[in-house]
Structures are given as C-alpha cells and as structure tokens.
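> If you read the sequences in order, they're chains U and R.
Residue numbers for the first sequence follow my numbering, beginning at 1 and rising by one.
Residue numbers for the second sequence follow my numbering, beginning at 1001 and rising by one.
Don't take every hint at face value.
[What the hints assert, rightly or not] Coverage of chain U stretches by chain R, computed from C-beta distances (three or more under 8 Å per stretch; other residues unrestricted):
hint: 1; segment: 165-172
hint: 2; segment: 205-215
hint: 3; segment: 224-235
hint: 4; segment: 243-254
hint: 5; segment: 261-267
hint: 6; segment: 293-299
[What the hints assert, rightly or not] With a straight-line Cα cutoff of 30 Å, these simulated BS3-like cross-link-like pairs (lysine-lysine) come out:
hint: 7; chain 1: R; residue 1: Lys1225; chain 2: U; residue 2: Lys253
hint: 8; chain 1: R; residue 1: Lys1225; chain 2: U; residue 2: Lys34
hint: 9; chain 1: R; residue 1: Lys1253; chain 2: U; residue 2: Lys166
hint: 10; chain 1: U; residue 1: Lys100; chain 2: U; residue 2: Lys66
hint: 11; chain 1: R; residue 1: Lys1034; chain 2: U; residue 2: Lys225
hint: 12; chain 1: U; residue 1: Lys225; chain 2: R; residue 2: Lys1253
No lab work stands behind these hints, which were simulated from the structure alone.
All residues carry an ideal CB built from backbone N, CA and C; glycine is no exception.
2 protein chains.
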Amino acid sequence: MADGLGAPLAAPLFERLALIGLGLIGASIARVAKRKRLVGHIVAADSSEEVRKRAAELGLADSIAKSAAAAVDGADLVILCVPVGAIGAVAEEIAPHLRKGAIVSDVGSVKSAVAAAFAKYLPAGVHALPAHPVAGTEQSGPEAGFATLFCNRWCILTPPDGADPKAVARLSEFWTAAGANVEIMSAAHHDLVLAITSHVPHLIAYNIVGTAADLETVTRSEVIKFSAGGFRDFTRIAASDPTMWRDVFLNNKEAVLEMLGRFSEDLTALQRMIRNGDAQGLFDLFTRTRAIRRGIIAEGQETAAPDFGRRTGEEQDRS
Amino acid sequence: MADGLGAPLAAPLFERLALIGLGLIGASIARVAKRKRLVGHIVAADSSEEVRKRAAELGLADSIAKSAAAAVDGADLVILCVPVGAIGAVAEEIAPHLRKGAIVSDVGSVKSAVAAAFAKYLPAGVHALPAHPVAGTEQSGPEAGFATLFCNRWCILTPPDGADPKAVARLSEFWTAAGANVEIMSAAHHDLVLAITSHVPHLIAYNIVGTAADLETVTRSEVIKFSAGGFRDFTRIAASDPTMWRDVFLNNKEAVLEMLGRFSEDLTALQRMIRNGDAQGLFDLFTRTRAIRRGIIAEGQETAAPDFGRRTGEEQDRS
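Isolated chain U, as found in the complex:
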C-alpha cells in the first residue's frame, strides 16, 4: 500500500484486543489494528459516554464495552491508553476479569510508575508489559487518531525482570506490524531518556507560552501577531493534552527534575555569555547544536524541508 503500512496480515496476531481509552493513541491503535488485521476482534472502552458514542460513529472498534472490566473479558491483548495517572485505578478494576495468559500493556510516556502500578494490581498469570510508542500530535480525542501514526516511530518496551520472552516477542510483533520500530530498555532508563527528549521540552514550551501570556510590556495580541519568529512552534507543543502532561510530570518527577536542573545550569551559563558579550562562546554553541539535527534527519525522524510550523501550499511554492 502507498501509505507505508503494507498489506493486511494473513492471520491475526491476537484473537481479541481490548483497548481501554480512545484518545489519540487508542484510536490510532484501533485504526491500524483494523486496517492491518492485527487482531481478530477489537473491543474498546472509554470512561466518557461521549467518547464511546463518537467511537461507535467512527467505527473504531468491532464492539464498544461500557466498562474496562467488561472490555477485557476474554481478551488476549489488553492495552491501556489512559493518562499515566489513571493506570493504577484501571489496573485494579480490570484485574479480576483478565484472561489467564493475557498480555496487559499500556502506552504511557512514563514507565517506572506504570510498572509499579502493574506490579501492585495485576494478578499472577498475566503478562504485564509496559510499553511506550513515541509518537503523537498535539491533538487529542478519538477523531485525532490515524492508522499511520506509528510508522517509522519507535515503540519502547520495558518488560520487568523475569518477563516471559515469548510474551515480549508477541507484543514486539504487534508493534512492528503496526509500523513501529521496537526497542527494549529498562523502565528507569526509559524515564531518563524521555525526560530529556520529551518531558523537559514540553515543560519549557508550556513555560514560555505562560511567560509570554503574563507580560505587561508586550500585549497578548502582539505575541500572537509576531509569533512567526519562533514562538509559534512552542505553542504547538504547549497545546498538548493537559491531563496527560500533568500526569507525566507527577509520575516522572525525579528524572524531570534532574534534566531540568541540567537545563537551568546550562541556561545560566548561556545567560552569562550574553551578559558578557561572549561572541565566540555563543557562536560555538549555535554551531554545535546543528549536528544533532543532522542526526535526526539522517535517522528519518524528521525531514530536511524548512518548516517553522508553516505548511500552506503557497508557502511551499519555491520559485
């Protein structure tokens, strides 16, 4: 197929997939699972009646369950697509209803906290395998989901010590078939890596948008009007789902504070360079940072096309 997802599978990888939560990620998993025939049956649940209704209208799943407990009944793959802060409560709710041998996974941006919640609530006899597809947009809700969201993105699995290698392989296969590349690491290392590549970037984006909104010397209308100079890109990041991000910061406190400490230390040094008029120091830093971007483009995680958040047709017309 032209969209890079490839042909549907000849035989499904799981009999019955239960998706708990139908936001951007849950809806995208539903779409790719359906399109690629990754599973025999998709049953979805969401705590919001409105979301369940929209999911039914969109035809996201084969059936919609009224509760997470009902959804997991008989499922051999359960993926919790809820904010990290809700994982414990959902794990507790579904625990008595899980099929023996089922794989229970999630998509949260924090992994140590999820591993702890799984260890606390899930019964023996199921495979608790936390996972994190590193993909997303700044949009939320079931309509925001799309089948190719995970294409050429990384999905990080953080199996706990003693996890069944066969179960890990089956979950890897699921994500690979969904278009992702799979990487396995410890939950603790995951939380450190994501703190610098995702959590702190979101934090400082939220922060500068907040700073700009509160100035007395520059009006909000001016901030909006002249945002094309760079600020605009931060507002996109700072438009992400507030509940999800609140939970990320509450549940990855230590790694975020550690990386934020580094960031602030470096920013203080940079501030001093500006104050002292250290032309060479500034130039060296601004040159060095280009190498990382070249690496990202080379890895296919970004295109080289100039963007700055602009994508109307006319702007892409080069003459």
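With chain U held as given, fit chain R onto it using these hints.
Leaving out everything else, chain R in the frame of chain U:
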C-alpha cells in the same frame, strides 16, 4: 496567481534596488521583487565570492556588484540583508556612495542597534528606515530564498523620530506588495516584542539541544532516536544560522536578559509545582497556554493541522 502573490505591478515602485547580502532573506526579497516587478533593476552584492557566483547562477539579480559601495551607486532603495553585527561596517562603507534621497533599510531581527548604526554612519539627505520582516526558515544561503516567504507575515518598520512620512509610506508599499502586512512601532518596543516571540525561544531551543548533547546518562544516539516526543521541534529552531543569532543576542542584550529573567522565574515556580506534586497548578497552566495557540491559528500565523515536525505523505494520510 495561485501562490497568493498576485499579479506583477504595472509600474515599479523603485527604479533601482540594491540588496546587500544574499542569504535567505536577501534572496527571497530578490525573488519577490523580480516576480512582482517591484523595482526597475535589482543589483546585489555579497561579501562572499562563492555566494555572488551562486546568485549569478540562480539569476537572483539583474546585476551583481563586487562591493556594497558599488551596488548602492544610483539606487533609490537599499536594503541591507546582513547579520545585525555587520550593519555598522556596511553602513560606513556605503555612506559616501548613497544617492541623495535614497531609502536605506535593513531586515535585522534587532532594531535599536541598527537605528544607532544608521544614525552614526548614514549621511543627511538619505532616509534611514530600519525594518524587520518577521519571516524565515531554519535554512540559510541564496538557495534557501523563495518569493512567497513574506506572504501573510508581518514586516515591522521602526522609523526614527522625524522620519519623512512619504519615505515611510514608500517602504510600506514595497513590503505590502511583497505580500507582507506592515506594522509601525518604536525600535525599543520592537526589541522587547521580538525578545519574547523570537529571541528567547531560540535561546532556549539552542540551550536544550546543547544540554541533551552533553548528557552522560543518555547517549546522543538515544536522543536522536527518540526525538519524536517533542525534542525534534527544538532542533529545527536550533539549526538556524549561528552568525545571525550570535549577533541578535549581542545586540539585544537588555531585552533578552529581561525576558529570560521572567522565563527563569516562571520555570522555577513550575519546577516547584512538580516537586510538590501540585496537580491542579500544573493542569491550570497547561490549559491556559492553549488559548494563545488558538489566537495564533485564528490570526492565520499557523494552521491547525497536527504536525510536530512531521510532514511525509504517509503520515498525513488519515484513514
């Protein structure tokens, strides 16, 4: 025309445009001036022989001059498209060669420093009118320029006290015909507005990319691999021209340090919220920042399409 630039003018606005510097902005002005027939003749100069050669190959100008002094000879509009730090030297060089009544302008991201350099070096009898088109991409050089760069972007003019209103009107007309919206404000206010909407965002983007590159606990390869979580967008901003940005920070020191102080103060408060587990405080901030983005989309400075720096065809295919 489909690209939003409209038909060429019936009569040119200026006889002879001298462009000093053929980077992204200079080359884009050349392209739009040619396409829209904004001027009778375009003469361009660049201190780099290599750039002059590429500009000739690209057909950017009607003629290429070997020096800025030679280029301004007879020009009724001179636009300096050089880094802010080079403005003084160029102004000094061209001063004895300027035609009486010529408008001398620039495109720098800092305006007080340019106004001071113009006041110091330019002779009486020419119209010194600093300007700043708030547009760009992270790419540099003559090849990066394109005719529609300024479409639906703002160009800020900061005429000094006592500037000739007719000259201001003529320069406004030029930028309007190039596709931009024109706003007039004082140089000091410009520098404050841009400090928050452009300079500090670039500074923190450069800073976090530097922080990530220097970690011992997370490898550079991991930073690159898992950059889709938000970091990637910062690397685009941090790939901008090092010389240009060094000069911005050296020449807008006070406003940048003031805004950076605000940013750091707010970041400290946010850090404390995380440390204290202040769920409501985090949620409130993350919700409030969405309003600014809605304003930017409503103003046409950004589209609502989800992006996060991803633009391959397959990723845009929603099913």
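> Does each hint fit the structure? Answer for all of them.
Going down the list of hints, with the structure as the test:
no. : hint                 : in the structure
1   : 165-172              : violated (count 0)
2   : 205-215              : holds (count 11)
3   : 224-235              : holds (count 12)
4   : 243-254              : holds (count 6)
5   : 261-267              : holds (count 5)
6   : 293-299              : holds (count 4)
7   : Lys1225/R - Lys253/U : 23 Å, holds
8   : Lys1225/R - Lys34/U  : 28 Å, holds
9   : Lys1253/R - Lys166/U : 59 Å, violated
10  : Lys100/U - Lys66/U   : 22 Å, holds
11  : Lys1034/R - Lys225/U : 28 Å, holds
12  : Lys225/U - Lys1253/R : 23 Å, holds
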